[in-house]
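Residue numbers (the UniProt record's numbering), protein chains in the order written: chain A, 1 to 304; chain B, 1 to 250.
Source of the hints: derived by calculation from the structure; they are not laboratory data. Mixed in with the good hints there might be a few duds.
Below, simulated BS3-like cross-link-like pairs (lysine-lysine); rule was C-alpha separation at most 25 Å, straight line [as the list claims (entries may be wrong)]:
| # | chain 1 | residue 1 | chain 2 | residue 2 |
| --- | --- | --- | --- | --- |
| 1 | B | K5 | B | K31 |
| 2 | A | K28 | A | K51 |
| 3 | B | K152 | B | K198 |
| 4 | B | K68 | B | K16 |
| 5 | B | K131 | A | K38 |
| 6 | B | K5 | A | K28 |
| 7 | B | K152 | B | K194 |
| 8 | B | K131 | A | K204 |
| 9 | B | K5 | B | K72 |
| 10 | A | K38 | B | K2 |
| 11 | B | K33 | B | K149 |
| 12 | A | K38 | A | K51 |
| 13 | A | K204 | B | K123 |
| 14 | B | K31 | A | K28 |
| 15 | B | K152 | B | K131 |
| 16 | B | K31 | B | K149 |
| 17 | B | K123 | B | K26 |
| 18 | B | K2 | A | K28 |
| 19 | B | K33 | B | K131 |
| 20 | B | K131 | B | K68 |
| 21 | B | K24 | B | K123 |
| 22 | A | K178 | A | K204 |
| 23 | A | K28 | B | K33 |
| 24 | A | K300 | A | K288 |
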Amino acid sequence: MTSLQVNMAGLTLKNPIMPASGCFGFGKEYSQFFDLNKLGAIVMKAATLEKRLGNPTPRVAETPSGMLNAIGLQNPGVDNIIRDELPFLSQFNSVIIANVAGTTIEEYEEVAKKLSATGQVDALELNISCPNVKEGGIQFGQDPELAKIVTERVKRATHLPVFVKLSPNVADIVSMAKAAEEAGADGLSMINTITGMQIHLPTKRPLLANNTGGLSGPAIKPVAIRMIYEVYPHVSIPIIGMGGISSAEDAVEFLLAGASAVAIGTANFQNPCICPEIIEELPKVLQKYGFNTVEEAIGKAVNR
Amino acid sequence: MKREKMTVLSISPLAKDTVEMVLKTKNAVRKAKPGQFLYFQLPGHTLRRPISIAAIDKESGTVTIIFKVTGKGTELMATLPPGSVLDAIGPNGNPFPADENGSNAVLLIGGGIGVPPLYCLGKHFCAQGVKVYSVLGFQSREYVFYEEKFRKLGETVIVTDDGSYGEKGFVTDVLHRFKLYDTYFACGPLMMLKAVTKQLEDVPGFISMEERMGCGIGACYACIIEANTEEGYKKICSDGPVFRAGEVLL
Ligand SMILES: Cc1cc2nc3c(=O)[nH]c(=O)nc-3n(C[C@H](O)[C@H](O)[C@H](O)COP(=O)(O)OP(=O)(O)OC[C@H]3O[C@@H](n4cnc5c(N)ncnc54)[C@H](O)[C@@H]3O)c2cc1C
Ligand SMILES: Cc1cc2nc3c(=O)[nH]c(=O)nc-3n(C[C@H](O)[C@H](O)[C@H](O)COP(=O)(O)O)c2cc1C
Ligand code: FES
Numbered sequence: 001m002t003s004l005q006v007n008m009a010g011l012t013l014k015n016p017i018m019p020a021s022g023c024f025g026f027g028k029e030y031s032q033f034f035d036l037n038k039l040g041a042i043v044m045k046a047a048t049l050e051k052r053l054g055n056p057t058p059r060v061a062e063t064p065s066g067m068l069n070a071i072g073l074q075n076p077g078v079d080n081i082i083r084d085e086l087p088f089l090s091q092f093n094s095v096i097i098a099n100v101a102g103t104t105i106e107e108y109e110e111v112a113k114k115l116s117a118t119g120q121v122d123a124l125e126l127n128i129s130c131p132n133v134k135e136g137g138i139q140f141g142q143d144p145e146l147a148k149i150v151t152e153r154v155k156r157a158t159h160l161p162v163f164v165k166l167s168p169n170v171a172d173i174v175s176m177a178k179a180a181e182e183a184g185a186d187g188l189s190m191i192n193t194i195t196g197m198q199i200h201l202p203t204k205r206p207l208l209a210n211n212t213g214g215l216s217g218p219a220i221k222p223v224a225i226r227m228i229y230e231v232y233p234h235v236s237i238p239i240i241g242m243g244g245i246s247s248a249e250d251a252v253e254f255l256l257a258g259a260s261a262v263a264i265g266t267a268n269f270q271n272p273c274i275c276p277e278i279i280e281e282l283p284k285v286l287q288k289y290g291f292n293t294v295e296e297a298i299g300k301a302v303n304r
Numbered sequence: 001m002k003r004e005k006m007t008v009l010s011i012s013p014l015a016k017d018t019v020e021m022v023l024k025t026k027n028a029v030r031k032a033k034p035g036q037f038l039y040f041q042l043p044g045h046t047l048r049r050p051i052s053i054a055a056i057d058k059e060s061g062t063v064t065i066i067f068k069v070t071g072k073g074t075e076l077m078a079t080l081p082p083g084s085v086l087d088a089i090g091p092n093g094n095p096f097p098a099d100e101n102g103s104n105a106v107l108l109i110g111g112g113i114g115v116p117p118l119y120c121l122g123k124h125f126c127a128q129g130v131k132v133y134s135v136l137g138f139q140s141r142e143y144v145f146y147e148e149k150f151r152k153l154g155e156t157v158i159v160t161d162d163g164s165y166g167e168k169g170f171v172t173d174v175l176h177r178f179k180l181y182d183t184y185f186a187c188g189p190l191m192m193l194k195a196v197t198k199q200l201e202d203v204p205g206f207i208s209m210e211e212r213m214g215c216g217i218g219a220c221y222a223c224i225i226e227a228n229t230e231e232g233y234k235k236i237c238s239d240g241p242v243f244r245a246g247e248v249l250l
């Protein structure tokens with residue numbers, strides 16, 4: 001029997017597969033398609049202190065092997081999420097990870113405090129990498145000093161493990177990862193989307209109302225793998241890998257590059273059952289390449 | 001809402017760039033209501049394509065869709081031979097309120113590729129003994145489809161932008177001729193919906209909206225439209241695509 005269990009940052013996941021933030025809402029819609037208890041973890045849509053209405057539409061565009069999105073962190077606000085969404089999620093025995101966003105350090109702290117106080121969240125994912133909002137988000141994700149400060153402050157505001165979600169829109173991913181680790185991060189999530197643009201020929205204007213959007217899907221998989229591979233030897237905290245995963249083979253590639261677990265985003269839109277299907281396939285693929293456990297595969301591609 | 005494989009039974013051109021496709025389905029045909037849509041996966045494409053249900057035939061276990069070839073995805077769909085299998089999610093979204101509505105007579109207002117869901121709705125009303133009037137607008141003669149089918153449901157006026165078929169003008173130019181209906185149902189381009197809802201401000205009505213979608217099931221906040229509600233927004237894929245006129249800001 002292949003063991004899919006993963007222990008990381010004090011959490012025990014029954015398998016390394018989870019839906020990525022923003023691509024799975026708060027779980028309700030996808031629970032019509034499969035039993036969410038199958039998931040190793042569930043990552044919620046970003047929460048901000050107040051409700052956010054997001055960017056004008058169109059917010060999504062299809063690209064070769066991927067898509068652009070500029071949702072703009074629309075969410076009901078942390079209090080409504082705690083009241084309306086968390087009770088539903090807490091009935092599942094999967095690890096629940098809340099994605100925390102904000103425009104100021106105080107907002108990150110406040111959201112982290114409120115989520116931690118519920119007792120229904122198992123870990124926080126600090127979103128300092130959203131490319132689609134004017135303020136906050138990515139500015140913390142592009143400056144190691146700011147990333148350090150926001151991570152330290154959130155760590156002080158919570159007893160939960162904190163994963164810092166890194167942006168690929170940086171020149172030096174390793175220094176961002178190290179900054180997060182030094183600030184006390186319990187893990188890293190990588191990567192968020194890559195800033196891109198599409199021009200709409202009929203109007204001769206950018207297609208997205210926000211002009212730019214974040215590229216996701218298979219198109220970014222090689223970038224994500226390269227970044228994880230680069231970061232892995234330089235940190236001792238676990239990495240949740242993501243970016244274009246749509247099969248168990250993809251997931252194993254991420255494990256080999258150094259991820260301890262993986263998140264699946266855009267592929268949910270194509271196939272709402274992609275997560276349970278990958279979980280089912282994973283033991284066979286691990287076996288095929290000579291691994292009896294997930295943990296054996298982690299980082300195997302990297303010369304430490 | 002389920003994911004299922006549907007088999008193409010027939011595919012035929014209806015008008016310029018307009019294709020009618022009949023699909024054999026097990027689940028969707030049992031659940032589908034007028035106004036709902038199917039969400040199709042196409043090989044080589046990241047995002048699914050939303051297409052409205054144009055007819056439901058419970059006896060033969062089929063649904064009909066009508067789509068306009070406007071880009072890569074619909075181009076590909078138009079080349080699928082009978083026997084092809086399509087991966088679809090559906091039926092998605094909230095339907096037109098066709099059962100609990102209490103109408104005696106309804107006016108259907110369709111523009112271009114907004115016409116198909118209204119046919120499904122009109123048939124439903126007709127079967128309930130509700131009187132159906134239709135106003136259908138097309139760009140020009142070569143785009144006109146389903147005229148005879150709508151005439152079988154009730155009085156129908158066709159308009160074309162350039163006057164090459166039916167009457168010249170927009171649907172809003174002829175709406176005043178219909179007086180004996182209590183609710184209207186409209187689907188078509190945004191400009192048309194704006195004009196219709198303004199002109200028929202005092203009449204109860206329902207409109208069906210379009211937006212570019214990600215998940216198509218209410219999870220990703222891609223397809224948002226501003227609304228006159230406490231929340232301030234609605235999701236077109238799951239709260240819509242059908243809305244009460246005035247509920248969403250056009
Ligand atoms: C609820 C709903 C019902 C619809 N019903 C019908 C129908 O019955 N018949 C029909 O012909 N068309 C219908 N449409 C529009 C149809 O979805 C688009 O024409 C189609 O997705 C275009 O795909 P494409 O690959 O040919 O175009 P491309 O321009 O290559 O598509 C690129 C991307 O943009 C999206 N997109 C492009 N145009 C639209 C649009 N108008 N609305 C939403 N997404 C769009 C596509 O889904 C795809 O993700 C409906 C749209 C919605 C939202
Ligand atoms: C529509 C959409 C919404 C997203 N929203 C969020 C979000 O709220 N918070 C976040 O940290 N990442 C968000 N992301 C990024 C994903 O979590 C993920 O990092 C990225 O899409 C790469 O994975 P993928 O290629 O599997 O989609 C979003 C992505 C998409 C496509
Ligand atoms: S398309 Fe995802 S919420 Fe409507």
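Going down the list of hints, with the structure as the test:
1. B:K5 x B:K31: Measuring from Cα to Cα gives roughly 15 Å; hence the hint holds.
2. A:K28 x A:K51: holds, 19 Å
3. B:K152 x B:K198: violated, 29 Å
4. B:K68 x B:K16: This hinted pair holds, its Cα atoms lying about 8 Å apart.
5. B:K131 x A:K38: violated, 50 Å
6. B:K5 x A:K28: holds, 23 Å
7. B:K152 x B:K194: Violated - the C-alpha atoms of K194 (chain B) and K152 (chain B) are around 28 Å apart, more than 25 Å.
8. B:K131 x A:K204: violated, 45 Å
9. B:K5 x B:K72: It holds: about 21 Å lies between the C-alpha atoms, which stays within 25 Å.
10. A:K38 x B:K2: With a Cα-Cα distance of about 18 Å, the restraint between K38 (chain A) and K2 (chain B) holds, given a limit of 25 Å.
11. B:K33 x B:K149: Holds. K33 (chain B) to K149 (chain B) sits at ~19 Å (cutoff 25 Å).
12. A:K38 x A:K51: violated, 30 Å
13. A:K204 x B:K123: violated, 41 Å
14. B:K31 x A:K28: Cα-Cα ~20 Å, so holds.
15. B:K152 x B:K131: Roughly 11 Å separates the two Cα atoms, so the pair holds.
16. B:K31 x B:K149: Judged against 25 Å, a Cα distance of about 23 Å means the pair holds.
17. B:K123 x B:K26: holds, 21 Å
18. B:K2 x A:K28: holds, 14 Å
19. B:K33 x B:K131: With Cα atoms ~19 Å apart, K33 (chain B) and K131 (chain B) stay inside 25 Å; holds.
20. B:K131 x B:K68: violated, 29 Å
21. B:K24 x B:K123: Measuring from Cα to Cα gives roughly 19 Å; hence the hint holds.
22. A:K178 x A:K204: It is violated: about 42 Å lies between the C-alpha atoms, which goes past 25 Å.
23. A:K28 x B:K33: Distance of about 22 Å is within 25 Å: holds.
24. A:K300 x A:K288: holds, 15 Å
Consistency note: the structure conflicts with the earlier hints numbered 3, 5, 7, 8, 12, 13, 20, 22.
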